[in-house]
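Required output: the full structure, derived from the provided sequences and hints.
Line by line, the protein sequences are chains L and H. Going letter by letter, the first sequence gives residues 2 to 471 in my numbering. Going letter by letter, the second sequence gives residues 3 to 211 in my numbering.
Each hint should be verified, as a subset may be incorrect.
Keeping only pairs whose Cα atoms sit at most 30 Å apart, straight-line, the calculated DSSO-like set for lysine-lysine is [unchecked claim]:
id : chain 1 : residue 1 : chain 2 : residue 2
1  : L       : LYS193    : L       : LYS100
2  : H       : LYS164    : L       : LYS73
3  : L       : LYS81     : H       : LYS164
4  : L       : LYS147    : L       : LYS35
5  : L       : LYS147    : L       : LYS374
6  : L       : LYS73     : L       : LYS97
7  : H       : LYS164    : L       : LYS58
Hints were generated in silico from the structure; no laboratory data involved.
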Amino acid sequence: MPIEQPAKIDQTLQDANLQLAIYSATGRLMAKRKDAISPDVCPDYQDLRTQANLVKKHTIENLDYYLEIVEKAVAARGGKVVYCRDATEVADFVLKLAKERDARLLVKSKSMTTEEIDLNERLEHHHLEAVETDLGEYILQLAHHKPYHIVAPALHLTRYDVADIFAEHLSAERETIPEKQTLMARVALREKFLAADIGITGANFVVADSGAVVVVENEGNARLTSSAPPIHIAIAGIEKLIPRAQDLAVFLRLLARSATGQPMTVYTSFLSGPRRGGETDGPDEFYLVLLDNGRSKLLADKGKRESLYCIRCGACLNHCPVYRKIGGHSYPWVYSGPIGAILSPQFMGVTHDPWLPFASTLCGACAEVCPVKIEIPRILLELRGEVVAAKTREKSNRWERLAFRLYAWAARHPSVWSAMGLAASAVAPDVPAMLNRGPIADWLSQRDLPPLPPKTFRQLWREREGTGVR
Amino acid sequence: MERDTILHRVRTALGRTANEAPAEPPPVYLRVPDWSLEERIRRFTEALEALGGRVYRAGGTAAVQEIVWEILAGRSAIVSADGLSGIPGVEGPYHDAARIREAASRVDAGITGAEYALAETGTLVLLAGPAEPRLISLLPPIHIAVVPVARLLANLDELLTKVPDPAAQTSAMVLITGPSRTADIEQILIRGVHGPGEVHVVLVDSETG
Ligand code: SF4
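Okay, structure coming up:
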């Protein structure tokens, strides 16, 4: 049963420039991570991973409890928790608030969760301007591309691509020097920050007992997004919770080191509620949107619920021999690489992209580098089983099912089995050729058939008994 | 209601009942190295300078004024709180949000204090408050922080030991580790994309005024 793969894979494989871009970017990130976790600078790296795994496991297994805690804590700081079941509910909430406050311009900082629900498109549809402010995301928004990588979204674009995109959309001269391109973006976006009515950020962590969101970044756009406009909305999946602020000592260390090899990202913002009495600036309103969007369903599966431990560091992408060849746009959803290969089938259904769990060598690199110890290869295997089970239910596999049923029947009947063995060994040299022309030729194109021996095992056994050799 | 639906779904998925208390969470994991003051100063300086920041040492308030004046070299600045307002070209402190915003988006440099600094990573810890607006360390292209050495902690773990719940003190705690940067175009490192491209930290030996 050959499973169809997207054409994007072949296109990516044939694009030499793109191959080089993916290889060098992921290679550099791998090298930086390796330095950042080496024993002389991070001697307790493995203990940190174990702790991170334990804390995530505990939080996920008691998620309802922590959701109620965070809800109270946010309210105590003057903010409001808004639960949303899906993308539509998030958009509806933002639209309603924008309408009530007469807001037109929104600024956004990088957030995979909002990518997941296509928030920008939904808002633009209602004539709200939503501007991405992370440099990479800004470029992608202008070019209408999806992120190529969880932490390096514009990894697939060169400075010349950026020059074209800016020239077209910013009605500026074609500028190919990255420093100058960055400055162009700074100037264009600074205006937006200061004029924006609402700022939308994601959250790397939601600290339950503080009622706070934690946002890490290098550029400063998330700080601006959460500080300059009068309203701050943080959007987080329900799985982003951690129990206590002190747990951050472990997670912040692991996240930055695993993602970019930095000991700390440039900015870590710990934000709880709107501006308080006495504080001179900051937003007047604070909302924390907690999004389900399929996560609660995933929780029910004990074997796979650890997929929700992910802190989106991107290390598994960088280390994946498959991601490094097929690139981020070959994957069906915003999450690519090994984590995408286990999240997408669970969110969209295994039959949506049945090739996905098979697009892995099961080399185990992802599990080895995952800072929260998600057993990605094991989950891929489970998903493969689910794909096969789903496929078996489909008609197209009548023949395969029949063949295996016959095989099972023969194997249960010794006389039939030995007759088949004798028949097969009589024509042994011709068998592979016969099969390659037969109905299972497709199946065999992916598998090597071992040469059939001239004598069956039963024959050999009898001969051996005759000589007394055991 | 969405809230109840989601909580119900989560509970059912986990096989839990409402108001069921969870098992104890794993004990917190904090490791605070025992570094002398000199060691902390050395590490802080090394870490921040490796990121492109600059670190200075001042013997007292008068020396601070002189160092800041030299860093500014005639460029304009806004100060977050009292203490450094005597330097020519430096305005503030202001206590009105609109005024702070206007000035911070106009001047070359923002001068702030810092509640703490973290030696291991060269990090500044700023807590938003009456004397520390959020935008002064963010909008101007240059950030100058004046920090008494006594506030130099070893690392993040020590900060979270001293401040176990930042939300109890401020709506916004920000950790600043070096100049704003990006590598989004061809992985080339560029400083000063949205936040300050220059970070200068003046460590003051004795805590005065
Ligand atoms: S699965 Fe693990 S390695 Fe991959 S992005 Fe998530 S946390 Fe990082």
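Each hint tested on the structure:
Restraint check for L/LYS193 and L/LYS100: the C-alpha separation of about 19 Å stays at or below 30 Å, so the hint holds. For the hint linking H/LYS164 to L/LYS73, the alpha-carbon distance of about 24 Å falls within 30 Å, and the restraint holds. Distance hint between L/LYS81 and H/LYS164 is fulfilled; the C-alpha atoms sit about 28 Å from each other, no more than 30 Å. Distance hint between L/LYS147 and L/LYS35 is fulfilled; the C-alpha atoms sit about 28 Å from each other, no more than 30 Å.
Of the supplied pair hints, the one linking L/LYS147 and L/LYS374 holds, its CA atoms being roughly 27 Å apart against a limit of 30 Å. For the proposed pair L/LYS73 and L/LYS97, the alpha carbon gap of about 23 Å is at most 30 Å, so the pair holds. Under the criterion of a C-alpha separation no larger than 30 Å, the hint pairing H/LYS164 with L/LYS58 is consistent with the structure, at around 27 Å.
The structure fails none of the hints (numbered hints given earlier).
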